[in-house]
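Engineer: Spelled out from the first residue to the last, the chains are:
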Amino acid sequence: DSGVTQTPKHLITATGQRVTLRCSPRSGDLSVYWYQQSLDQGLQFLIQYYNGEERAKGNILERFSAQQFPDLHSELNLSSLELGDSALYFCASSPRRAGVRDTQYFGPGTRLTVL
Amino acid sequence: EDQVTQSPEALRLQEGESSSLNCSYTVSGLRGLFWYRQDPGKGPEFLFTLYSAGEEKEKERLKATLTKKESFLHITAPKPEDSATYLCAGNSGGSNYKLTFGKGTLLTVNP
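Each protein sequence line maps, in turn, to chains A and B.
Each residue of the first sequence is one higher than the last, beginning at 1 in the numbering used here.
Each residue of the second sequence is one higher than the last, beginning at 1 in the numbering used here.
To be clear, the hints were calculated from the coordinates, so they are not data collected in a lab.
Hints may contain errors.
Sample of chain B residues facing chain A (criterion: CB under 7 Å; computed from the structure) [claimed, not checked]:
{"#": "1", "residue": "40"}
{"#": "2", "residue": "44"}
{"#": "3", "residue": "46"}
{"#": "4", "residue": "101"}
Fair warning: this is a prediction, and the values are worked out from it, not measured in the lab.
Just so you know, even glycine gets a beta-carbon here, dropped at the ideal spot from N, CA and C.
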């Protein structure tokens, strides 16, 4: 158990809908990262937050957004969902912003299925 | 653009048959090379971080090594419970702290 929690575990929804995925980082960790894992693309970095502020962006679509709250939990919002958004979404956390020597610890993931 | 390539894509071993997994990287200013283990439907589980060429780390039957262009994960006398996908990732540091992942090696160890 990494100490990172994610809810829900599974989510099934329809095209065009909007969903929110939630992540609680390990106790004391200030950085949260979101990743998408699909069969053909592997694990792709989406976005990073540090202590409430956005710090880095990866291959995140404009239909997706995220935020980190004062209690350090984070939410990833996915809107106007398409079939291709079906994937595993992982949250990871690490202690510090600079993080080059910090390990990212991953949560159990949310499996999103768009029908 | 940062790239991490893992080989082979899949590897089948008999219990006790040692082998190595390869991770080659093109990450500008590599600041860390990470190995994770992932079981089906679960989150990646941290194994090792390597920071400089020549560094080695060990954990039970696993040993990770790093050169200037690649990393190896050596598995000695594997057991069926070592079956998983092994992921390698590079961190280029700087202003972007993302991990760039390879697609992984699916390891199956038969009893």
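Engineer: Take the shortest C-beta to C-beta distance between residue 46 of chain B and chain A; is it under 7 Å?
Structural biologist: Hint on residue 46 of chain B: holds, closest Cβ of chain A at ~5 Å, below 7 Å.
Engineer: Let's test the interface hint: is any C-beta of chain A closer than 7 Å to that of residue 44 of chain B?
Structural biologist: Result: holds, 5 Å to nearest chain A Cβ.
Engineer: Would the stated hint for residue 101 of chain B survive a check requiring a Cβ distance to chain A of less than 7 Å?
Structural biologist: holds (4 Å)
Engineer: At a threshold of 7 Å, is the proposed contact between residue 40 of chain B and chain A supported by beta-carbon distances?
Structural biologist: violated (11 Å)
Going through the hint list in order, the structure does not satisfy hint 1, though it satisfies all others.
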